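Based on the sequences and whatever the hints tell you, model everything.
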Amino acid sequence: MTGSGLAVTTSSGLAVTTGPGLAGITLSGVTVTYPRRDRPSLRGVDLHVAAGERVVVLGPSGAGKSTLLHLVAGLVPHSTPAEVEGTLVLGGDEEHLDLSSPVHERSALLGVVGQDPSASVCLPQVDAELALVLENRAVPPAQIGPRVGAALEQVGVGDLAQRQTARLSGGQTQRVALAAAVIGRPGLLLLDEPTSMLDASGVRAVRAAIEEVARDASLTVLLVEHRLDDYAGEAGLDGLPGRAVVLDADGTVVADGPTAQVLREHAAALHALGCWLPLEAELTALSGKVGDLASGAHDQLLAGLVPCDAAPRPVSAETGVRSVLLRAHGLAVGHGRQTVLDGLDLDVRAGQVVAVLGENGTGKSTLLHALAGLARPLAGTVSGQRPGMVFQNPEHQLVAHTVADEIAHGLADPAPTVDRMLREHRLEHCADRNPHQLSGGEKRRLSLAAMLAHGRDVLLADEPTFGLDRRDTMVVADALRSVADAGGAVVFSTHDLRLAAEVADEVVVVGRGRVLASGSTHDVLSDAAVLDGAGLELPAIVRWFVERCSSTAALQSALQALGRHPVAGSGALEPAPATSAGVRA
Amino acid sequence: MSVLQPDALALASPLARRNPTVKLALLFVVSAVLLLVLDPMTPAVLYVLVAGAVLLGAGVRPRALLVAQLPFVAFALGVLLVNMLSRPGEVVWQGAGLRVTAEGLWVGAGLAGRTLLMGLLSVAFVATTDGVALVTSLHQHARLGAKVTFAVLAGYRLLQQMGAEWQTIRRAQSVRAPLGRRGRPRVGLRGHAASAFALLVGSVRRGDRVAGTLELRGLGDGERTTWRPVPLDRKDAVFAVVVLGVLGLVLVGASAAGVLEGPGALF
Numbered sequence: 003m004t005g006s007g008l009a010v011t012t013s014s015g016l017a018v019t020t021g022p023g024l025a026g027i028t029l030s031g032v033t034v035t036y037p038r039r040d041r042p043s044l045r046g047v048d049l050h051v052a053a054g055e056r057v058v059v060l061g062p063s064g065a066g067k068s069t070l071l072h073l074v075a076g077l078v079p080h081s082t083p084a085e086v087e088g089t090l091v092l093g094g095d096e097e098h099l100d101l102s103s104p105v106h107e108r109s110a111l112l113g114v115v116g117q118d119p120s121a122s123v124c125l126p127q128v129d130a131e132l133a134l135v136l137e138n139r140a141v142p143p144a145q146i147g148p149r150v151g152a153a154l155e156q157v158g159v160g161d162l163a164q165r166q167t168a169r170l171s172g173g174q175t176q177r178v179a180l181a182a183a184v185i186g187r188p189g190l191l192l193l194d195e196p197t198s199m200l201d202a203s204g205v206r207a208v209r210a211a212i213e214e215v216a217r218d219a220s221l222t223v224l225l226v227e228h229r230l231d232d233y234a235g236e237a238g239l240d241g242l243p244g245r246a247v248v249l250d251a252d253g254t255v256v257a258d259g260p261t262a263q264v265l266r267e268h269a270a271a272l273h274a275l276g277c278w279l280p281l282e283a284e285l286t287a288l289s290g291k292v293g294d295l296a297s298g299a300h301d302q303l304l305a306g307l308v309p310c311d312a313a314p315r316p317v318s319a320e321t322g323v324r325s326v327l328l329r330a331h332g333l334a335v336g337h338g339r340q341t342v343l344d345g346l347d348l349d350v351r352a353g354q355v356v357a358v359l360g361e362n363g364t365g366k367s368t369l370l371h372a373l374a375g376l377a378r379p380l381a382g383t384v385s386g387q388r389p390g391m392v393f394q395n396p397e398h399q400l401v402a403h404t405v406a407d408e409i410a411h412g413l414a415d416p417a418p419t420v421d422r423m424l425r426e427h428r429l430e431h432c433a434d435r436n437p438h439q440l441s442g443g444e445k446r447r448l449s450l451a452a453m454l455a456h457g458r459d460v461l462l463a464d465e466p467t468f469g470l471d472r473r474d475t476m477v478v479a480d481a482l483r484s485v486a487d488a489g490g491a492v493v494f495s496t497h498d499l500r501l502a503a504e505v506a507d508e509v510v511v512v513g514r515g516r517v518l519a520s521g522s523t524h525d526v527l528s529d530a531a532v533l534d535g536a537g538l539e540l541p542a543i544v545r546w547f548v549e550r551c552s553s554t555a556a557l558q559s560a561l562q563a564l565g566r567h568p569v570a571g572s573g574a575l576e577p578a579p580a581t582s583a584g585v586r587a
Numbered sequence: 421m422s423v424l425q426p427d428a429l430a431l432a433s434p435l436a437r438r439n440p441t442v443k444l445a446l447l448f449v450v451s452a453v454l455l456l457v458l459d460p461m462t463p464a465v466l467y468v469l470v471a472g473a474v475l476l477g478a479g480v481r482p483r484a485l486l487v488a489q490l491p492f493v494a495f496a497l498g499v500l501l502v503n504m505l506s507r508p509g510e511v512v513w514q515g516a517g518l519r520v521t522a523e524g525l526w527v528g529a530g531l532a533g534r535t536l537l538m539g540l541l542s543v544a545f546v547a548t549t550d551g552v553a554l555v556t557s558l559h560q561h562a563r564l565g566a567k568v569t570f571a572v573l574a575g576y577r578l579l580q581q582m583g584a585e586w587q588t589i590r591r592a593q594s595v596r597a598p599l600g601r602r603g604r605p606r607v608g609l610r611g612h613a614a615s616a617f618a619l620l621v622g623s624v625r626r627g628d629r630v631a632g633t634l635e636l637r638g639l640g641d642g643e644r645t646t647w648r649p650v651p652l653d654r655k656d657a658v659f660a661v662v663v664l665g666v667l668g669l670v671l672v673g674a675s676a677a678g679v680l681e682g683p684g685a686l687f
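One line per chain: the protein sequences are A and B, in this order. So the first sequence is residues 3 to 587, counted in this note's numbering. So the second sequence is residues 421 to 687, counted in this note's numbering.
Be a bit skeptical, because a hint or two may be false.
As the list claims (entries may be wrong) - Derived pair list, reagent style SDA-like, types lysine to any residue, alpha-carbon separation capped at 25 angstroms: (1) B/K567 to A/A433; (2) A/K291 to A/R329; (3) B/K567 to A/K291; (4) B/K567 to A/D118; (5) B/K567 to A/S120; (6) B/K567 to A/R149; (7) B/K567 to A/P126; (8) A/K291 to A/G306; (9) B/K567 to A/S102; (10) B/K567 to A/A168; (11) B/K567 to A/S81; (12) B/K567 to A/Q145; (13) B/K567 to A/G147; (14) B/K655 to B/S542; (15) A/K291 to A/P541; (16) B/K567 to A/R165; (17) B/K567 to A/P541; (18) B/K567 to B/V624; (19) B/K567 to A/R187; (20) A/K291 to A/E267; (21) B/K567 to A/V141; (22) B/K655 to A/P143; (23) A/K291 to A/L239; (24) A/K291 to A/D301; (25) B/K567 to A/P142.
As the list claims (entries may be wrong) - Chain B stretches covered by chain A per the calculated footprint, using a threshold of three residues with CB under 8 angstroms from any CB of chain A: (26) 573 to 581; (27) 647 to 657.
In case anyone wonders, no lab produced these hints; they're calculated from the structure. The structure displayed is predicted, hence computed values, not measured ones. The C-beta atom is built at its ideal place from N, Cα and C for all residues, glycine as well.
Encoded structure:
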């Protein structure tokens with residue numbers, strides 16, 4: 003422990019014999035500073051969560067949401083060194099733990115589900131993973147088997163007990179992790195963006211499992227989430243925990259109260275900070291009016307965004323027909339000898355953005371690798387100039403020790419290009435920094451800049467907005483669009499149907515080993531049967547515009563205008579005591 | 421190499437029912453004794469006996485057993501070639517600037533046979549041993565700490581993910597590499613070093629998170645129970661006595677027949 007100003011409330015190492023129902027959290031004046039950072043990640047946080055309360059922590063990227071959760075779990079400062087000031091009390095009046103309690107001691111009180119499925123489960127087999135928790139608590143062996151079975155049943159994966167964890171999908175892994183988090187019957191469940199790396203069906207399954215677990219009213223739930231739009235889903239504000247705590251970019255609590263009220267009063271400020279909000283809150287931020295989409299309160303604002311006569315994007319004046327830059331014919335791709343996706347024909351023309359949509363495991367990434375010439379197709383051909391490609395995880399592409407060198411990598415004459423790319427992609431401030439130390443948004447911009455520096459006609463992008471906040475997502479959307487508008491072409495895969503509707507001229511829907519549909523974005527997204535068959539869920543706002551726009555160009559124009567619409571009112575957040583929602587004692 | 425992943429058939433075999441710690445200990449003992457044997461006949465006899473036992477008692481398909489041994493075959497061939505070409509002694513063949521000696525062939529075949537036998541034993545061990553059972557047994561019977569044993573298991577899971585991760589990194593980094601003469605990306609030594617570094621950074625970070633998850637599962641130094649204890653019973657004792665007995669008989673037989681040679685054969 004590094005905290006010098008630490009006020010220890012009890013002696014450490016107190017034996018905690020837990021049952022459910024004693025898991026309140028009290029933080030007083032907590033400030034957390036990581037080594038070699040010039041400013042704290044959390045600043046003077048006072049927070050009391052009573053046993054049985056359900057709380058969502060929101061805020062822009064880098065606001066310290068995960069730090070708060072890791073502090074409660076003990077990973078900060080016991081696994082990740084940090085300077086911690088203030089006090090933390092976990093538990094009830096009679097028995098409690100504090101900042102000095104190590105992680106394994108706190109594990110009796112709390113369960114955690116992290117965001118990365120590849121790190122949220124540790125052992126090779128599912129039942130062993132769950133049994134580990136009970137073994138570590140010295141539960142009699144005869145009770146372990148039945149409890150493992152019951153915990154897996156509860157989250158809907160009772161049939162996976164004997165499975166190898168390496169063979170699970172992301173959604174299955176997160177449900178196993180959830181079962182492992184609650185099998186010890188902790189009083190407190192900490193959820194760190196549990197659905198952020200999943201596709202739509204994975205999000206639905208994990209959300210249902212969390213709801214099932216949370217039926218135990220004595221369970222305290224602390225959720226950190228930046229994609230509140232996905233997490234809340236169709237249920238909107240009702241799909242979120244009852245209480246919301248907002249952290250601003252400084253790591254200070256700026257709002258705390260009932261979720262609906264906090265989101266209503268602070269929608270504009272949160273939207274301006276780049277947070278992903280549930281649709282209702284986003285619309286409130288823009289129109290200043292209260293109500294969900296179906297209420298019609300925002301119809302005037304939205305109808306104003308639908309263009310009367312959106313012309314299709316201009317066709318090259320000289321040729322009349324846009325030239326094909328990349329062509330795939332009869333393409334089959336897969337892993338090893340196993341075919342994942344078969345029978346794909348695709349012409350990518352200059353000026354076009356094409357979105358590839360489908361659930362996880364349908365071969366979207368493998369397809370992009372084949373188009374890029376990085377994976378040998380099992381059948382068929384790809385023709386055209388060598389395309390560029392950005393990968394889902396920008397870190398996979400990093401080769402250099404500074405941002406400027408990263409952009410220069412592979413260029414014959416880097417000097418003029420590097421400066422232009424640094425400027426165009428807002429990377430000048432970090433030109434000399436190590437790429438691995440950048441924020442998620444900066445890494446993504448760097449990977450795009452480094453690829454675009456090669457000036458290839460076609461850019462392929464695998465989930466290019468994955469994990470980004472709203473502001474960075476818009477930056478990427480603009481970058482993709484401008485590649486096509488400058489005469490190039492883009493093919494990208496995504497789970498974000500709103501992004502696809504906003505930038506793509508055409509979409510290709512893949513699933514069950516083949517192409518389920520392809521065509522203009524507006525036509526394909528209008529076809530409910532196709533989307534249903536592919537396991538895709540059209541966000542309500544996209545559906546609203548699809549029904550009212552007559553063409554893809556109109557749909558793009560409307561969604562672009564919505565994403566860039568100024569917020570109503572000032573959009574400034576005041577510190578917590580000044581808000582009417584106030585701080586709960 | 422399917423046999424290196426235990427499959428259902430192999431894990432239901434008689435050999436799979438033996439205690440993993442006992443099997444591991446026997447693997448070490450037999451290998452240690454073999455280090456002292458340098459003639460080719462003794463390992464050859466043992467190889468035939470072990471191969472028969474593995475095919476009958478380990479549920480491993482013959483083809484899978486052969487494929488899994490390929491790396492050991494390659495290594496054994498190397499050992500044989502080096503010895504027969506470089507060891508001084510009576511020349512039995514000469515030509516193309518090379519000469520083969522009788523002593524070289526004899527010692528080389530002995531070392532190669534021992535390599536193949538150790539390879540076969542290792543393959544049989546891996547194919548019939550469940551990772552969780554091994555770790556549980558090492559904790560139960562070899563008194564290895566729970567923190568160490570479960571860290572090993574978590575490391576195994578990380579290792580499983582590394583292959584795919586490496587492929588993705590190689591592809592991601594070759595996108596910007598210049599094309600070679602055949603139109604394929606040209607990545608030099610530095611390119612591979614950069615990929616290895618990216619893999620290392622990613623693995624360290626993930627390993628850190630997995631370690632955190634293990635702690636959150638309550639893995640500490642306190643009292644713990646074992647859900648499915650690995651049995652250690654009289655059958656394991658019988659198994660150990662039979663294995664060591666057969667080894668002893670073969671050694672005694674080889675000695676009586678005058679073929680057994682020890683490290684003295686090297687000099």
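Going through the numbered hints above, which ones does this structure break? Give me the numbers in ascending order. 1, 2, 3, 17
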